[in-house]
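*Asks:* One-letter residues, chain by chain:
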Amino acid sequence: MSLVLSQLINGLQSGSIYALIALGYSMVYGIILLLNFAHGDVIMVGAYISWLIMTQISNPILAITLAILACTILGMTIEKVAYAPLRSSPRLSLLITAIGISFLLENLAQLIFGAGAQNVPALISGPSLNIAGQHIGFTAMITIVVSVISMIALTFLIQKTKMGKAMRAVSEDMGTAQLMGINVNLTVSFTFAVGSALAGIGSVLYCCAYPQASPTMGAMLGLKAFVAAVLGGIGSIPGAMLGGFCIGIAEAAVSAIGLSVWKDGVVFAILIIVLIFKPTGILGKKINEKV
Amino acid sequence: MKKNSMIIPMPLRYLINIVLFAAFLYIGNTLISGGTISKYYSGVISSIGISIILAVSLNIATGYLGQLPLGHAGFMALGAYTSALIMKAAAGSLAVFPVALFAGGLVAAIFGLLIGIPALRLKGDYLAILTLGFGEIIRVVLLNIDNVLGFKLTNGAAGLQKIPKTTTFLITFICVGVTCFVIHTMMKSRHGRAILSIRENEIAAESCGINTTYYKTLGFVVSAFFAGVAGGLYAGNIGILNPSAFGFMKSIEILVMVVLGGMGSMLGSVVSASVLTALPELLRSFSTYRMVVYSLVLVVVMIFVPSGLMGTYDFSLNGLLDKLIIKLKGGKGGGGKAPLNEKEGNVNE
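Those sequence lines, one after another, are chains U and V.
The numbering of the first sequence is this note's numbering, which starts it at -15 and goes up by one.
The numbering of the second sequence is this note's numbering, which starts it at 370 and goes up by one.
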């Protein structure tokens, strides 16, 4: 029983990180219909920033703030430099550009920091909690709490603020939104900023759970978060959260029954099954194609 | 568009190409067996040939069909492992090698069919993700299948070793020739036109009565088959197989070749595959920056020339000869490109 519970908490911890990253994928897809493959690598950059500051200055608050800030700026820069010039070209070109940016970031990191993994010193520490004899780690608790708070804040931002309204309008119909006087470029930039900031939070939380930074860490993390976004229904925000938790718990369950080497395989098998039977995901809406 | 601009008759066209190709094979083979080209460089030349097959085969799905499969390395892995296991069982007998290559292609094609039927019902991005997931699953399975089977088949992370090195210049480039010929003729046939129409507009193609699912699957399976053959050649060229060689990275490398050359141009694929394979080998000091340059080039090409360096242009020797003859004769029947040269012109006829 206690094994089941502790695996459940593990699952929720990694699941909430996946959910935070999946939100970025989902928001960007919702607004410009692009699978932002570079999103996972933004997380990698965030992890390297925290590592750099922790080893140089060892100020956790500064490390966390700068990591999130750097991710936000990087996300907006990528959008302005690589995606904005291609907004009217075929989606295939945009997708290939995203893959190119992802590889560019990975290889630049490898060139600058070396191929090996760097150990990130502990960013946060605190007492662990005991609930009914069940031991819950401090980082697990913080991770789950922070991601739930971020998701509530994001929902508020999208549902209640003027910018959120603009984002919803642009994702519904870019052309019409522009005619209604919405600044589309600003809205898209803002979406990337929010998505990348969430990725920054995700990267800090990831570093707390698995204190390592390596050039390719973003690739698998990004792919799995992406699977979470697809599972929940891409373009849907509650869907991204639900998908993230599902993937996290599924991974923990596979590890618990002693098949941890098959973990990645299981995640992608879930993806394929979802895509075949319900391509729009659990909470996704069906979009009819106009001729 | 006039059809009679084809001055050299059809059989002669094939003959010219075959003779030139045979001469190329003969010269290459003599240089290598004579020792003018060292063993190292002949290995590089073979890997160029393998890259060409990979790029040209991916070009069917990306360039002609307009889809974006991201699991091409998975098919290559399937072909490589199948062919390597057969060759190990046959103790490197050269007579078995073509059979092993064919078997490798066949296994890849079967898996292409299995994944293609569900995958190709999806559109654009979803297809890309699904093939990506499939490629990753192949890698995970190759890595861990031994634990399930209980005996050593793929040898897990340590990889398959001591595979007979049977890939030669001659075999590789015969495969390159066959691949290019089969794909070229397929694209010129009725089936090829159907595939092109799907790229241009899937809904319009469907309303013209083209069975889009069938033709997409066909393109996908042919693409997977040749990737499998290339995998078999790769196994015979390198001698060691490791699942990590067939990750997402490899799929992207092949995609870069296709995109850079121009999606839908066989010549583009051939040229960029050759250059991108030869360059890092020839410039060893450049290899640390290779992937950075790769990705930069990919982004820059996409932003400035979204259709690739060659677009959909294809070179035809006979088309060139036709034009020459027309010029010499003083413009009789001139105008219009030679038919072999055309990718889209004939669709409108």
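FYI, nobody ran anything at the bench for these hints, they're computed from the structure.
Where is the CB? At the ideal position from N, CA and C, for every residue including glycine.
There's no promise every hint is true.
Here are the computed lysine to aspartate or glutamate pairs in the EDC-like style, where the Cα-Cα straight-line distance is at most 20 Å [what the hints assert, rightly or not]:
# : chain 1 : residue 1 : chain 2 : residue 2
1 : V       : 557       : V       : 571
2 : U       : 144       : U       : 156
3 : U       : 146       : U       : 156
4 : V       : 619       : V       : 571
5 : U       : 262       : V       : 494
6 : U       : 247       : V       : 683
Sample of chain V residues at the chain U side, in silico, Cβ under 8 Å [unchecked claim]:
#  : residue
7  : 487
8  : 494
9  : 497
10 : 514
11 : 547
12 : 549
13 : 551
14 : 607
15 : 621
16 : 661
17 : 671
18 : 672
*Asks:* With reference to the structure, classify each hint as holding or not holding.
*Replies:* Hint check results:
1. V:557 to V:571: Roughly 19 Å between the alpha carbons, so the hint for residue 557 of chain V and residue 571 of chain V holds.
2. U:144 to U:156: 17 Å, holds
3. U:146 to U:156: 15 Å, holds
4. V:619 to V:571: 29 Å, violated
5. U:262 to V:494: 15 Å, holds
6. U:247 to V:683: With a Cα-Cα distance of about 45 Å, the restraint between residue 247 of chain U and residue 683 of chain V is violated, given a limit of 20 Å.
7. 487: 4 Å, holds
8. 494: With a closest approach of 5 Å, the residue 494 of chain V hint holds.
9. 497: 7 Å, holds
10. 514: 10 Å, violated
11. 547: 29 Å, violated
12. 549: Not OK, violated: residue 549 of chain V not within 8 Å of chain U, min 24 Å.
13. 551: 25 Å, violated
14. 607: 21 Å, violated
15. 621: 6 Å, holds
16. 661: Where the cut-off is 8 Å and the nearest Cβ of chain U is about 4 Å from residue 661 of chain V, the hint holds.
17. 671: 4 Å, holds
18. 672: This hint holds: residue 672 of chain V lies near chain U, its Cβ roughly 5 Å from the closest one there, short of 8 Å.
In summary, the structure is inconsistent with hints 4, 6, 10, 11, 12, 13, 14 from the numbered list given earlier, while agreeing with the others.
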